[in-house]
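Whole structure, please, built from the sequences with the hints as guidance.
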Amino acid sequence: MNTEIFEPKKSNQFLVNFPPDIHIPNYLIKSVENIKWDVFIGRWSSVILKFYSPVSPSLDQIIFTDIIEKKIAGISNMDIIDIAPSGDIISIKSLIDCMIDSIDFGVRDWSIDTPSLITMVVQPQTVIFKK
Numbered sequence: 012m013n014t015e016i017f018e019p020k021k022s023n024q025f026l027v028n029f030p031p032d033i034h035i036p037n038y039l040i041k042s043v044e045n046i047k048w049d050v051f052i053g054r055w056s057s058v059i060l061k062f063y064s065p066v067s068p069s070l071d072q073i074i075f076t077d078i079i080e081k082k083i084a085g086i087s088n089m090d091i092i093d094i095a096p097s098g099d100i101i102s103i104k105s106l107i108d109c110m111i112d113s114i115d116f117g118v119r120d121w122s123i124d125t126p127s128l129i130t131m132v133v134q135p136q137t138v139i140f141k142k
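Here the working numbering is used: the first residue of the sequence shown is 12, the next is one more, and so on.
By construction, these hints were calculated from the structure, which means they are not laboratory data.
Just so we're clear, the structure is a prediction, and the values are computed from it rather than from any experiment.
Hints may contain errors.
To be verified - Calculated cross-link-like contacts (lysine-lysine; reagent style DSS-like; alpha-carbon spacing at most 25 Å):
#, residue 1, residue 2
1, LYS21, LYS41
2, LYS61, LYS41
3, LYS142, LYS41
4, LYS142, LYS20
5, LYS47, LYS142
6, LYS20, LYS141
7, LYS61, LYS47
8, LYS104, LYS41
9, LYS81, LYS142
10, LYS104, LYS21
11, LYS21, LYS82
12, LYS61, LYS20
13, LYS41, LYS20
14, LYS47, LYS21
15, LYS47, LYS141
16, LYS142, LYS104
17, LYS81, LYS61
18, LYS21, LYS141
19, LYS47, LYS20
20, LYS141, LYS61
21, LYS142, LYS21
22, LYS104, LYS47
23, LYS61, LYS82
24, LYS21, LYS61
25, LYS104, LYS20
26, LYS141, LYS104
Dropping the structure here:
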């Protein structure tokens, strides 16, 4: 008897943890692209993270204080964690030595009534699969 049950991963069940010196709460992360290996270049492709930009805590201020003001060009490591509906960890992908390609603080437009977003593009040098 086969006891394995097929259950696909859900796109909305994930966490992203940053190193302790970057104080971005993981509940502000709207989305993160999954990692991709570029076969032709022989390296990991850039990863795009989208964050909600709340009134409080001010993510603009956190990014300015923790990254821009300190002239940090990269993030030492961050983990993308896939979570099962039960809360169990399915997989952990650690992105190591991520260079920050860009930070986009979004658009302000009187005709749009959607949440403001901040986009960060990082380029991992190495990816380690921990689980």
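Quiz item: Looking back at the numbered hints, which does the structure fail to meet, lowest number first?
Solution: Hints 9 and 11 contradicted; others consistent.
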